[in-house]
Amino acid sequence: MATILIPTPLRQYAGGQSSVDATGSSVSEVLASLTSQHPALKNHLYNDEGRLRSFVNIYVNDEDIRYLDKEKTAVAAADTLSIVPSIAGGAA
Amino acid sequence: MLTEKLQIRYPTGTNVIRIEPHPWDVMLRHALDCYPRECCGIMLGTLQDGDERTVTTAIACRNSYEGDQSDRFELDPKDQLAAQRLAREQKLEVLGFFHSHPDCDSYFSATDLANSWPWYSNVVISIVGGALNRAKAFRANETQTESTEEILTWPQS
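If you read the protein sequences in the order shown, they are chains A and B.
Residue 67 in my numbering sits at position 10 of the first sequence, with consecutive numbering throughout.
Residue 34 in my numbering sits at position 28 of the second sequence, with consecutive numbering throughout.
If you are wondering where the hints come from, they were derived from the structure by calculation, not from laboratory data.
Fair warning: there could be bad hints in the mix.
Claimed, not checked - Below 20 Å or equal to it, Euclidean Cα-Cα: the simulated EDC-like pairs (lysine to aspartate or glutamate) are:
hint: 1; chain 1: B; residue 1: K142; chain 2: B; residue 2: E58
hint: 2; chain 1: B; residue 1: K84; chain 2: A; residue 2: E86
hint: 3; chain 1: B; residue 1: K97; chain 2: B; residue 2: D55
hint: 4; chain 1: A; residue 1: K99; chain 2: A; residue 2: E86
hint: 5; chain 1: B; residue 1: K84; chain 2: A; residue 2: E128
hint: 6; chain 1: B; residue 1: K142; chain 2: B; residue 2: D31
hint: 7; chain 1: A; residue 1: K127; chain 2: B; residue 2: D82
hint: 8; chain 1: A; residue 1: K129; chain 2: A; residue 2: E86
hint: 9; chain 1: A; residue 1: K127; chain 2: A; residue 2: D105
hint: 10; chain 1: B; residue 1: K84; chain 2: A; residue 2: D126
hint: 11; chain 1: B; residue 1: K84; chain 2: A; residue 2: D136
hint: 12; chain 1: A; residue 1: K99; chain 2: B; residue 2: D82
hint: 13; chain 1: A; residue 1: K127; chain 2: A; residue 2: E86
hint: 14; chain 1: B; residue 1: K142; chain 2: B; residue 2: D57
hint: 15; chain 1: B; residue 1: K97; chain 2: B; residue 2: D57
hint: 16; chain 1: B; residue 1: K97; chain 2: B; residue 2: E26
hint: 17; chain 1: B; residue 1: K84; chain 2: A; residue 2: D105
hint: 18; chain 1: B; residue 1: K142; chain 2: B; residue 2: D109
hint: 19; chain 1: B; residue 1: K97; chain 2: B; residue 2: D85
hint: 20; chain 1: B; residue 1: K84; chain 2: A; residue 2: E120
To be verified - Derived Cβ-Cβ restraints for the label pairs, each shown as a range:
hint: 21; chain 1: A; residue 1: Q69; chain 2: B; residue 2: Q54; range: 17 to 25 Å
hint: 22; chain 1: A; residue 1: M58; chain 2: B; residue 2: D57; range: 48 to 56 Å
hint: 23; chain 1: A; residue 1: P96; chain 2: B; residue 2: A137; range: 46 to 54 Å
hint: 24; chain 1: A; residue 1: T80; chain 2: B; residue 2: D109; range: 48 to 56 Å
hint: 25; chain 1: A; residue 1: E106; chain 2: B; residue 2: P124; range: 18 to 26 Å
hint: 26; chain 1: B; residue 1: R68; chain 2: A; residue 2: N104; range: 27 to 35 Å
hint: 27; chain 1: A; residue 1: K99; chain 2: B; residue 2: R91; range: 47 to 55 Å
hint: 28; chain 1: B; residue 1: K97; chain 2: A; residue 2: Y124; range: 14 to 22 Å
Beta carbons: idealized from backbone N, C-alpha and C, even for Gly.
For reference, chain A alone in the conformation it holds in the complex (with noise of 0.2 Å):
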């Protein structure tokens, strides 16, 4: 089972978990995975239309998905996600 870091602000809808354990041999599926423990989760990472949000990042690793595969890529057991906040801003 791969595992996924949790950031501390959705924390609270993962049982309090800051990892949790899911199956699947790709990002979708992992995720798929995270959000059928988890429900509360799913409308924090995905948009009405079922696509992860603009400002959340899936790090497979030290690889940001964008650059590999997407949701399509591949995941090992032995894999480490991480869910990385987009954070922007400015005085404009």
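We have chain A already, so just place chain B on it with the hints.
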């Protein structure tokens, strides 16, 4: 007793964030070094009594916004990945982020709010004419439609 630690009690529901001297030095130096561009970085620390936050580590990051950085910033997600890892190793929490407003006051702009995440603290350091003006901290609500100011303390504040 004079040696008794002063215990400040804030009303229930008030968000409090305290920045220790070393991370504050890192944050202020980064804001001054980047002036007149916006700086950005990540704050790690501890949670006490539920949600009283103490920043013990600040990480100065590169502003990755591709454009005029005098009024915009963007954190590189790779820096956040590294910060998350450091927090786990040191048994700390990623408490939030900081950035500067060059020649502007410390406020949480619509751009800040729209590009923030709930729960995190966001420290905004106002640098005017190359010197510290003031700093404030804000937290976005769950829907990022409004923010509330936190009680922020730092050395010499």
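| task | Identify every previously stated hint that the structure contradicts and give their numbers, smallest first. | result | Structure breaks hints 2, 12, 17, 22, 27 and 28.
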